[in-house]
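Asks: These protein sequences, in sequence, are chains V and A.
As numbered in my numbering, residues 39 to 253 make up the first sequence, in order.
As numbered in my numbering, residues 6 to 320 make up the second sequence, in order.
Hints in this document: simulated from the structure, not taken from any laboratory.
A few of these clues could be false.
Stated by the list, open to error - Restraint ranges, calculated between C-beta atoms of paired labels, are given here:
| # | chain 1 | residue 1 | chain 2 | residue 2 | range |
| --- | --- | --- | --- | --- | --- |
| 1 | V | Gly169 | A | Lys40 | 14 to 24 Å |
| 2 | V | Asp219 | A | Trp123 | 48 to 58 Å |
| 3 | V | Gly169 | A | Pro112 | 46 to 56 Å |
| 4 | A | Met203 | V | Arg150 | 40 to 50 Å |
Don't be surprised by glycine CBs; every beta carbon is placed ideally from N, CA and C.
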Amino acid sequence: MCAMRPEPGHEPGDSAPGKDSGPGNLDQSDHPALGEQAWKAVLTPEEIRRALSRIAHEILERTHGGEGIVLLGIPTRGVYLARRLAARIGEFEGTPAPVGSLDVTLHRDDLRLRPARALQRTEVPPDGVDGKIVVLVDDVLFSGRTVRAALDALNDLGRPRSVQLAVLVDRGHRELPIRADYVGKNLPTAHREAVRVLLAESDGEDSVLLGERDQ
Amino acid sequence: MNRHLISAADLSRDDAVLILDTAAELASVADRPIKKLPTLRGRTVVNLFYEDSTRTRTSFEAAAKRLSADVINFSAKGSSVAKGESLKDTALTLEAMGSDAIVVRHPASGAPRRLADWTSGRVINAGDGTHEHPTQALLDAFTIRQRLVGPDQRGKGLDGIRVTIVGDVLHSRVARSNVLLLDTLGAEVTVVAPPTLMPWAIESWPCKASYDLDAELRKSDVMMMLRVQQERMSAAFFPTVREYRRRYGLGTGRMALLPEHAIVMHPGPMNRGVEIAAEVADSPRSTIVAQVANGVTVRMAVLYLMLGGAAEASS
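Here chain V stands alone, though its shape is the one from the complex (with noise of 0.2 Å):
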């Protein structure tokens, strides 16, 4: 067994906020003087629109117009991407899709080791989501370990006819084999490299940053 086990410098889906350093749990990009490492703007806000417009898209092609699509946001900012992307679905469509949120904390499998966590929200949209096409949404896609606590999460929900995944960001580095549909920027990084993802919603301000990790 490969005994390495990379601390990811963006914790997918962490959902403790103020609780570690996680991307966007930081204001240091606020306040450049706070942060001694130099961090670099990869995605300006006008990419991340065009991006988040190009998934909406293609989620209605792939899903041949949206009929049945259930948007389900893993906390903290997958929750604000895929609200987003429920709002431009409406705007092309003229009927929004239905968008709820995702808690996986209970079913991490690292939940050992760290001190339990705050629980995030989990709301289903009240028709369920039992034979729908489910589209979980993060804001990025690193090591998968989220995204598989976030399919047995959606085990107990119920069955869907199918699950699909839309990220903001795909910065590689996969543990598990688990794939995105919709990526809005495929992003080459090194393990020891750090992806934030600030969006107004939680931060003022839509970027997505790539710096060092630690300090």
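Please build the complex by placing chain A on the supplied structure of chain V, with the hints as guidance.
Replies: This is chain A only, laid out in the frame that chain V set:
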């Protein structure tokens, strides 16, 4: 969170709010087709009950099972305790069987505290003598928050909510835990009891005290009626049940004087017709059934937060 949950005073406001928030999320599990989460797979929870209890034991058992923990039920009746085994030896035996947490109810106040010294696992107090019952206080706080703070309750305490706890405060571990926890959460607590059932040194508790129930009715958001615990009363604390009911029982007449939004709580089991009239217990103001359901979710939250993370979490 502390390593053990022995007293409601062990909980800071942040701890208590975290438990209530976690419970609010876990409440949705009860509505799902599959009422089970894998979170505590491979953990063992022992229910160590030296006193009769249906509600609390089954509530803890349901909570642990919904989180996929293994549950061992140990009741003093029909066990080695009947043969004279001490609490310490029982604890060491359970420890050797690999229990991760012991949920203990004991007639002696302080037994869970002693137990915590002898075991390396977590200890959760499920009621010790006339001392404390912290998970009951948590589920009561959760119920109050659900009913009176409303849907936007996440992260909030019970600031400014006026809670009146009525009855046998002297013998009530529920009252003591509730006074401590509700005060931590910002509620204003008043205890009302006959002079004979008012604890000594009540002025050192973080609450007001009164002998007059009628004076408190109009200014209460929550009426929490306590059970008259005849089994703990070796002396005559009040002349007759009828007189107790007349002065401290909650009937329809007194209920009509409560504010519009006020709720009526009871930790159960009820003595209908003594501390609470049947019409009150069955009225829409009564949260007695909700309290039972909330008991499972709140205990799930406690078990998750105590056992769900790293074994040596910040203790």
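Asks: So which of those numbered hints doesn't the model satisfy?
Replies: none
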